[in-house]
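Go by the hints and put chain B onto chain A.
There are 2 protein chains.
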Amino acid sequence: MASGKHAGFAAATAVELLDVADGAGGPASAGSVHRYRAEIHDGWDIGGNANGGYVLAIAGRAMAAAMGRPPLSVTGHYLAPSPPGACEVTVTTVRSGGRLGTCTASLVQDGRELIRVLGTFGTPVDNGHRYVAGEPPELPPYRECVARSEVAPTGEGMPVAGLMDRLAVRMHPDALSFVTGAPTGRAETSGWFAFAQEEPIDEIGLLLVADAMAPAVFNSGLPAGWVPTVELTVHVRARPAPGPLRCTFRTRFVAGGALEEDGEVWDSAGQLVAQSRQLALTPRH
Amino acid sequence: MASGKHAGFAAATAVELLDVADGAGGPASAGSVHRYRAEIHDGWDIGGNANGGYVLAIAGRAMAAAMGRPPLSVTGHYLAPSPPGACEVTVTTVRSGGRLGTCTASLVQDGRELIRVLGTFGTPVDNGHRYVAGEPPELPPYRECVARSEVAPTGEGMPVAGLMDRLAVRMHPDALSFVTGAPTGRAETSGWFAFAQEEPIDEIGLLLVADAMAPAVFNSGLPAGWVPTVELTVHVRARPAPGPLRCTFRTRFVAGGALEEDGEVWDSAGQLVAQSRQLALTPRH
Chain A
1 MASGKHAGFA
11 AATAVELLDV
21 ADGAGGPASA
31 GSVHRYRAEI
41 HDGWDIGGNA
51 NGGYVLAIAG
61 RAMAAAMGRP
71 PLSVTGHYLA
81 PSPPGACEVT
91 VTTVRSGGRL
101 GTCTASLVQD
111 GRELIRVLGT
121 FGTPVDNGHR
131 YVAGEPPELP
141 PYRECVARSE
151 VAPTGEGMPV
161 AGLMDRLAVR
171 MHPDALSFVT
181 GAPTGRAETS
191 GWFAFAQEEP
201 IDEIGLLLVA
211 DAMAPAVFNS
221 GLPAGWVPTV
231 ELTVHVRARP
241 APGPLRCTFR
251 TRFVAGGALE
261 EDGEVWDSAG
271 QLVAQSRQLA
281 LTPRH
Chain B
1001 MASGKHAGFA
1011 AATAVELLDV
1021 ADGAGGPASA
1031 GSVHRYRAEI
1041 HDGWDIGGNA
1051 NGGYVLAIAG
1061 RAMAAAMGRP
1071 PLSVTGHYLA
1081 PSPPGACEVT
1091 VTTVRSGGRL
1101 GTCTASLVQD
1111 GRELIRVLGT
1121 FGTPVDNGHR
1131 YVAGEPPELP
1141 PYRECVARSE
1151 VAPTGEGMPV
1161 AGLMDRLAVR
1171 MHPDALSFVT
1181 GAPTGRAETS
1191 GWFAFAQEEP
1201 IDEIGLLLVA
1211 DAMAPAVFNS
1221 GLPAGWVPTV
1231 ELTVHVRARP
1241 APGPLRCTFR
1251 TRFVAGGALE
1261 EDGEVWDSAG
1271 QLVAQSRQLA
1281 LTPRH
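Just so you know, the protein sequences line up as chains A and B, in that order.
Using the numbering used here, you'd call the opening residue of the first sequence number 1 and step up by one each time.
Using the numbering used here, you'd call the opening residue of the second sequence number 1001 and step up by one each time.
Next up, chain A with everything else stripped away, as it sits in the complex:
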């Protein structure tokens, strides 16, 4: 498989079906196993290890293919760092209902499992109930925000240039306070998310968005450093309308060696398209 040095997101998360072992009720029934070949592409990494959202997106692509439905709620537990290279995703159907289906996925590279995923796929029936107690973050216009690829490599000492070349993330100026050495003291970050070359963002893309910005905790004033994700859950709330997404991430509790980061992702139509929460270990440095 080509190394995908300049592959877009769809190509960099592509999966190829190897085989299917039917469950008791056929290829879509509980117990069926779909095996996919995939590749962790070079360039979607932080310091040589693939971004956690990107790895979740590869698994999510395979799960969505096996279930024939887009993700609704997906949880990944991270088991090992993810270097570039070929991998295999095994998707096992847990339950296939009329509208929603649940499955697990295991992504294995060279005999080592990198991530285990559990998710429910499909689209709920919209009975029209609506209650919204939140709004998109206030951001300067896309072109006035700061391209992360311009500032991060020097300021933060971490080689994020690879990943940031694949993305067209633009940060709120306050969100990069940790780079200047004068952190706001608030563990919050926000900005615009887009793929390079205006590639459309589908539901699978939302799995990456949830982990694409610098950790919010970096702006808290606590020491920055590697923040290993234990678990990342993404709820897909709607399919995004075209255009860059507005994102906000916040950490409220750092204690006992762990922290959570909650994210909200909004589309150009002002609609909440995803919520995320991850549990991570506190920065090692």
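Calculated from the structure, these hints are not laboratory results.
Example chain B residues on the side facing chain A (calculated, C-beta under 10 Å, incomplete):
| # | residue |
| --- | --- |
| 1 | Ala1030 |
| 2 | Thr1104 |
| 3 | Arg1116 |
| 4 | Arg1284 |
A few chain A residues facing chain B, derived, Cβ under 10 Å:
| # | residue |
| --- | --- |
| 5 | Asp126 |
| 6 | His129 |
| 7 | Leu279 |
We put the beta carbon where it would ideally sit given N, CA and C, even for glycine.
Frame of chain A; chain B shown alone:
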């Protein structure tokens, strides 16, 4: 097994090891399978189906036993309603590290899988980093709050008396606005949580706490009704100090047939002990 009509939480979530199939590296290694016998006890239900947090707690008890560690992050996907009766929990080790271990669990009753769970167990190294941007909910003293068992059966038309006899939940007066027919319009609820007879609350108990109050969305003014949980994630942030817990739950987005509910649980020492988020389908009525 006795029906456990008056069993406390520990007894009602007890698991008994049936057998262990070792993984490649022994009983604690990846691929090992622990099978447990358990029972969904009568009386922990809403209208005949066991509370989702209670079912998650049974699975979590088995997972913690297999891993020899308390839960850190646990996600359950609900597959079918859970009537009382004997069940079996199969725990498969995904990864067993020095400090953290990841496993899956499947809870099956009469050949039907009721819940699939993925979790990481263990306690992070506390490197002393601390940042807290939140505080426990303001609640009247425990004895001045409203015992849910007194009001719910008549007001809401749902037979929650069974579950509420097992718990000593006391609600903030505002949290039961839906019962009076004059909802606050805010999808929030809060109150005190304790088990009946002051039974201590361990980390497994926190899995139940996360789902033990009436849905916050009931106070929004939207029609109340059955709110089926698709997915529930609980992050255990600390082992609770003795005494009742202060809990707050909030729904911010109801749209597209789904809603999230975020919970925070605080102990008597003023420490955040759990965060929860669930994705549920909007009330059917």
